[in-house]
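If you read the protein sequences in the order shown, they are chains H and C. Numbers 1 to 488, taken from our numbering, label the letters of the first sequence in order. Numbers 1 to 488, taken from our numbering, label the letters of the second sequence in order.
Just so you know, these hints were derived from the structure itself, not from any lab. Fair warning: there could be bad hints in the mix.
The list makes no distinction among identical chains, and a pair is therefore deemed to hold if it is satisfied within one copy or across any two copies.
[Claimed, not checked] Mimicking BS3-like on lysine-lysine, the simulated pairs with C-alpha atoms at most 30 Å apart in a straight line are:
1) Lys244 <-> Lys221
2) Lys358 <-> Lys225
3) Lys225 <-> Lys251
4) Lys370 <-> Lys347
There are 2 protein chains.
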Amino acid sequence: MKKQNPKNASSKQNPAKALRKLQKRLGSQVSVDEDSCFRASLDNLRLSSLPTAVVHVQEPQDVRIVLKLANKHGVPVTTRGAGTSATGSAVPIQGGWVLDLSRLNQIEIDPIARIATVGAGVVTADLQAEVEALGLFFPPDPSSKKYSTIGGNIACNAGGMRCVKYGVTRDYVLGLAGFLADGSPFQFGLPLKKYVSGLNLRDLLIGSEGTLGVITSANLKLISKPEKRWTGMFAFKSEAAALKAVVGLFKAGVSPSILEFLDRQSVGCAEAYTGKPIFAGQPRSAILLVELDGIPVEVRAQRKRLLDYMLATAAAHREARSELQAEKLWQVRRTCSQSMFSIADTKLNEDVVVPIEKQAELIRYTIALKKKIGLSTPTFGHAGDGNLHVHIMYNRASESDAEKAKAGIQQLMQKVVELGGVITGEHGIGLAKAPFMSLQHSAPEIAAMRAVKKALDPLGILNPGKIFEPFEVWDHDLVDVKLPWDHR
Amino acid sequence: MKKQNPKNASSKQNPAKALRKLQKRLGSQVSVDEDSCFRASLDNLRLSSLPTAVVHVQEPQDVRIVLKLANKHGVPVTTRGAGTSATGSAVPIQGGWVLDLSRLNQIEIDPIARIATVGAGVVTADLQAEVEALGLFFPPDPSSKKYSTIGGNIACNAGGMRCVKYGVTRDYVLGLAGFLADGSPFQFGLPLKKYVSGLNLRDLLIGSEGTLGVITSANLKLISKPEKRWTGMFAFKSEAAALKAVVGLFKAGVSPSILEFLDRQSVGCAEAYTGKPIFAGQPRSAILLVELDGIPVEVRAQRKRLLDYMLATAAAHREARSELQAEKLWQVRRTCSQSMFSIADTKLNEDVVVPIEKQAELIRYTIALKKKIGLSTPTFGHAGDGNLHVHIMYNRASESDAEKAKAGIQQLMQKVVELGGVITGEHGIGLAKAPFMSLQHSAPEIAAMRAVKKALDPLGILNPGKIFEPFEVWDHDLVDVKLPWDHR
Chain H
1 MKKQNPKNAS SKQNPAKALR KLQKRLGSQV SVDEDSCFRA SLDNLRLSSL PTAVVHVQEP
61 QDVRIVLKLA NKHGVPVTTR GAGTSATGSA VPIQGGWVLD LSRLNQIEID PIARIATVGA
121 GVVTADLQAE VEALGLFFPP DPSSKKYSTI GGNIACNAGG MRCVKYGVTR DYVLGLAGFL
181 ADGSPFQFGL PLKKYVSGLN LRDLLIGSEG TLGVITSANL KLISKPEKRW TGMFAFKSEA
241 AALKAVVGLF KAGVSPSILE FLDRQSVGCA EAYTGKPIFA GQPRSAILLV ELDGIPVEVR
301 AQRKRLLDYM LATAAAHREA RSELQAEKLW QVRRTCSQSM FSIADTKLNE DVVVPIEKQA
361 ELIRYTIALK KKIGLSTPTF GHAGDGNLHV HIMYNRASES DAEKAKAGIQ QLMQKVVELG
421 GVITGEHGIG LAKAPFMSLQ HSAPEIAAMR AVKKALDPLG ILNPGKIFEP FEVWDHDLVD
481 VKLPWDHR
Chain C
1 MKKQNPKNAS SKQNPAKALR KLQKRLGSQV SVDEDSCFRA SLDNLRLSSL PTAVVHVQEP
61 QDVRIVLKLA NKHGVPVTTR GAGTSATGSA VPIQGGWVLD LSRLNQIEID PIARIATVGA
121 GVVTADLQAE VEALGLFFPP DPSSKKYSTI GGNIACNAGG MRCVKYGVTR DYVLGLAGFL
181 ADGSPFQFGL PLKKYVSGLN LRDLLIGSEG TLGVITSANL KLISKPEKRW TGMFAFKSEA
241 AALKAVVGLF KAGVSPSILE FLDRQSVGCA EAYTGKPIFA GQPRSAILLV ELDGIPVEVR
301 AQRKRLLDYM LATAAAHREA RSELQAEKLW QVRRTCSQSM FSIADTKLNE DVVVPIEKQA
361 ELIRYTIALK KKIGLSTPTF GHAGDGNLHV HIMYNRASES DAEKAKAGIQ QLMQKVVELG
421 GVITGEHGIG LAKAPFMSLQ HSAPEIAAMR AVKKALDPLG ILNPGKIFEP FEVWDHDLVD
481 VKLPWDHR
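Build the full structure now, drawing on both the sequences and the hints.
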């Protein structure tokens with residue numbers, strides 16, 4: 001892969017000298033060995049681009065040192081948490097230095113104000129465990145939460161399954177501290193519930209994938225932990241029937257905390273993998289998984305409302321009577337995801353969103369697409385938000401498969417935008433979705449975004465090559481590597 | 001007042017020619033008469049600066065026409081809803097043209113997806129009425145809601161009383177449509193619950209007070225209307241006791257939908273005005289007003305928890321047994337606000353925020369400040385958020401009063417920032433708070449904000465002179481005018 005230098009910084013470029021200075025300032029916190037550089041070269045997209053050094057940040061001020069030097073010498077800087085990003089947003093695609101923030105893992109909780117102040121490297125699930133021990137709740141739950149860091153969640157505005165009731169990561173961020181591209185410290189927002197002073201750069205940074213600044217800590221809003229949960233699973237003869245029920249549930253006044261959909265292709269994969277149907281006598285059903293939460297009386301009332309509607313429309317159903325049974329129902333969802341690799345060795349996971357009422361039309365399209373391109377298109381996801389993960393499965397070694405997959409993704413994205421949807425609901429753009437930016441946004445909209453990027457990072461040193469630059473993942477080899485979250 | 005032309009556009013400046021072109025394009029939608037220009041010259045700050053024309057926008061495309069001409073001829077453009085802003089953010093301080101969006105008042109509601117799509121000119125209370133008729137709820141409730149427009153609410157990220165439970169305007173905005181400074185149309189975000197494509201300019205525009213773009217419509221998130229409400233009022237011997245109870249209620253697990261505080265100065269004003277104590281036998285108490293809402297069983301459980309705590313700490317209490325009684329309790333809050341004008345003819349209303357646990361310290365300071373400057377400092381506000389309205393009352397004709405008030409505000413703002421707070425929680429910066437920007441934000445933070453402003457509005461035509469420019473309201477005469485929301 002050709003490495004490009006940041007455009008405006010080439011005159012000052014002297015990478016070897018810059019590295020020597022960096023090592024002089026930060027000593028053993030700077031790794032340049034092959035193994036460290038390889039580990040920092042990729043994320044869950046599995047596209048590797050080696051940095052020249054990895055800086056293991058011990059305290060926020062280290063970031064300032066790195067950015068000052070990077071500015072002076074025109075070195076690209078890519079910030080990294082756990083590397084769970086699905087789009088290559090954590091890949092140092094133009095080389096340079098990687099800022100590894102995973103050691104910034106302090107957690108402080110104010111249970112009265114209900115605010116947590118956490119380092120960017122705190123693992124999402126660790127925060128959730130600490131918070132829940134105090135009877136509080138931090139709802140954002142990306143599927144990578146056992147590994148992903150809060151900094152990464154904020155950089156990508158991570159979602160998850162609970163967004164239908166509780167919203168996304170952005171909805172829980174009150175303040176951000178960190179460093180601007182030139183190394184100046186910033187605090188945008190504070191641990192306060194109301195704040196309208198000046199332009200809101202806090203929310204501009206959220207979801208900017210490390211292209212506008214480096215976030216070292218965050219003040220997060222916490223809420224009450226739901227007292228009770230209920231989980232149920234429902235089978236439908238068709239995707240259309242299941243997705244009609246999603247709309248019907250909202251009409252009936254049900255407010256689920258989770259509302260997940262699995263299409264028949266996904267269910268078929270899981271059933272082939274485990275060797276038995278999920279609903280006995282109802283193989284290859286489309287499935288809805290529903291969680292309700294709240295105070296017990298509210299959960300009971302919601303359950304009644306839900307069952308009144310569902311028992312008239314679903315082909316079969318199952319309720320969890322215990323935590324263990326609930327866990328078994330959720331296992332179905334996880335098995336679907338893993339079992340898809342029985343179809344082919346590579347999974348393209350597109351996190352598109354369409355209006356809730358248009359989901360049935362999207363699924364008709366994915367089924368038609370399967371026939372058209374001859375590749376499986378199993379789809380599941382967060383039907384309560386209209387946020388469906390459409391997968392295209394293909395074998396990496398087959399050039400013809402890859403061409404079909406590439407064409408399929410392009411057509412899918414066009415369809416999503418036609419339906420009034422968005423090309424990404426929770427993964428972000430990174431490298432993988434850069435080709436579709438112009439489908440979603442007009443030229444003046446993109447020009448406005450680029451102008452903002454240039455205003456905050458005039459030398460283009462922060463995560464260069466992402467979001468706006470032309471990139472085709474297809475032109476690059478992906479690496480075959482086992483990452484901590486791989487269970488296949 | 002001297003009018004300044006936007007700095008970068010002076011070479012192209014020909015205001016008379018520009019106005020002729022504007023009139024040719026938009027005909028009778030352009031008003032240049034004295035009366036129209038005066039009405040568009042001020043907001044609730046009551047500082048008047050005349051525009052040369054007011055454009056009554058009939059459809060969004062009119063905005064494009066205005067901005068194209070304004071760019072070509074370097075004319076300042078200030079966007080306006082109802083003009084309820086408390087900070088001068090709607091005042092055309094550098095003259096030019098005012099865009100009046102009040103006719104963009106369409107409302108469309110999708111009750112299944114729970115999304116409203118509304119014109120920028122929709123009056124907040126009108127939207128709330130339509131939404132509540134469908135059993136839905138749009139919580140943001142600035143005190144000006146009977147007059148304020150959604151566009152203005154978004155431009156200032158308006159708050160209100162319900163934020164302690166439901167958050168601020170920003171939390172309900174999914175998508176924004178409008179025009180960039182150069183007249184290009186934009187759609188940032190969509191009527192979808194998840195959206196992470198590209199840089200988030202939607203939230204950058206929210207709260208930017210019309211300095212970055214012109215918002216013509218918004219997609220707003222709706223929630224379920226609470227089934228039941230309960231209101232209670234509690235008297236305390238001192239501010240310290242009342243504000244200790246605020247912390248105590250949170251510790252006790254109470255989740256109020258409203259939690260308002262009135263200090264003894266405010267209560268004293270109301271009691272002098274009505275001629276009787278709010279709590280018989282307990283004159284000049286500090287007061288907490290609490291609303292609970294939700295499903296009936298939840299409200300009952302919360303009420304019990306609240307009363308268990310309050311009856312042990314409050315000096316007296318009163319519960320509303322009906323809607324009418326609740327309205328009477330809220331009347332107390334409103335009377336406090338109006339009755340302050342019995343102290344002096346001018347009210348400085350500072351919407352500061354401090355951490356919840358620091359509110360008692362802030363009130364100790366406002367009482368000390370009263371003694372120090374010899375002006376009343378009645379304070380009430382949203383104690384559940386730490387968002388207190390500190391007022392300094394003075395007589396406009398008295399130069400010495402004005403000097404004391406000016407010094408008092410400066411000291412108050414310093415104290416707020418020392419306490420870890422913010423100089424504005426729901427009003428924004430506008431003109432009135434511009435002198436305090438450097439108390440709140442570091443020079444690099446302000447430079448970053450200004451760089452973003454310049455990136456999106458390189459000619460500086462959008463609401464010039466606001467947020468970042470040095471300005472002292474004290475150097476300008478305020479006008480004595482009755483505005484629609486004046487009830488004194």
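Inset, instruction - Give the relationship of Lys370 and Lys347 under a CA distance limit of 30 Å: within one copy only, between copies only, both, or neither. - result: Intra 14 Å, inter 68 Å, cutoff 30 Å: intra-copy only.
Legend entry - Same-copy or cross-copy closeness of Lys358 to Lys225 [CA-CA at most 30 Å]: Answer is between: at 25 Å across copies they meet the 30 Å cutoff, but 33 Å inside does not.
Inset, instruction - Pop the pair Lys225 and Lys251 into one bin, within, between, both or neither, using alpha-carbon distances up to 30 Å. - result: Classified as both; 26 Å inside a copy, 14 Å across copies.
Legend entry - Alpha-carbon proximity between Lys244 and Lys221, which holds within one copy, between copies, both or neither at 30 Å: between (34 Å within a copy, 21 Å between copies)
Comparing the model with each numbered hint stated earlier shows that all of them hold.
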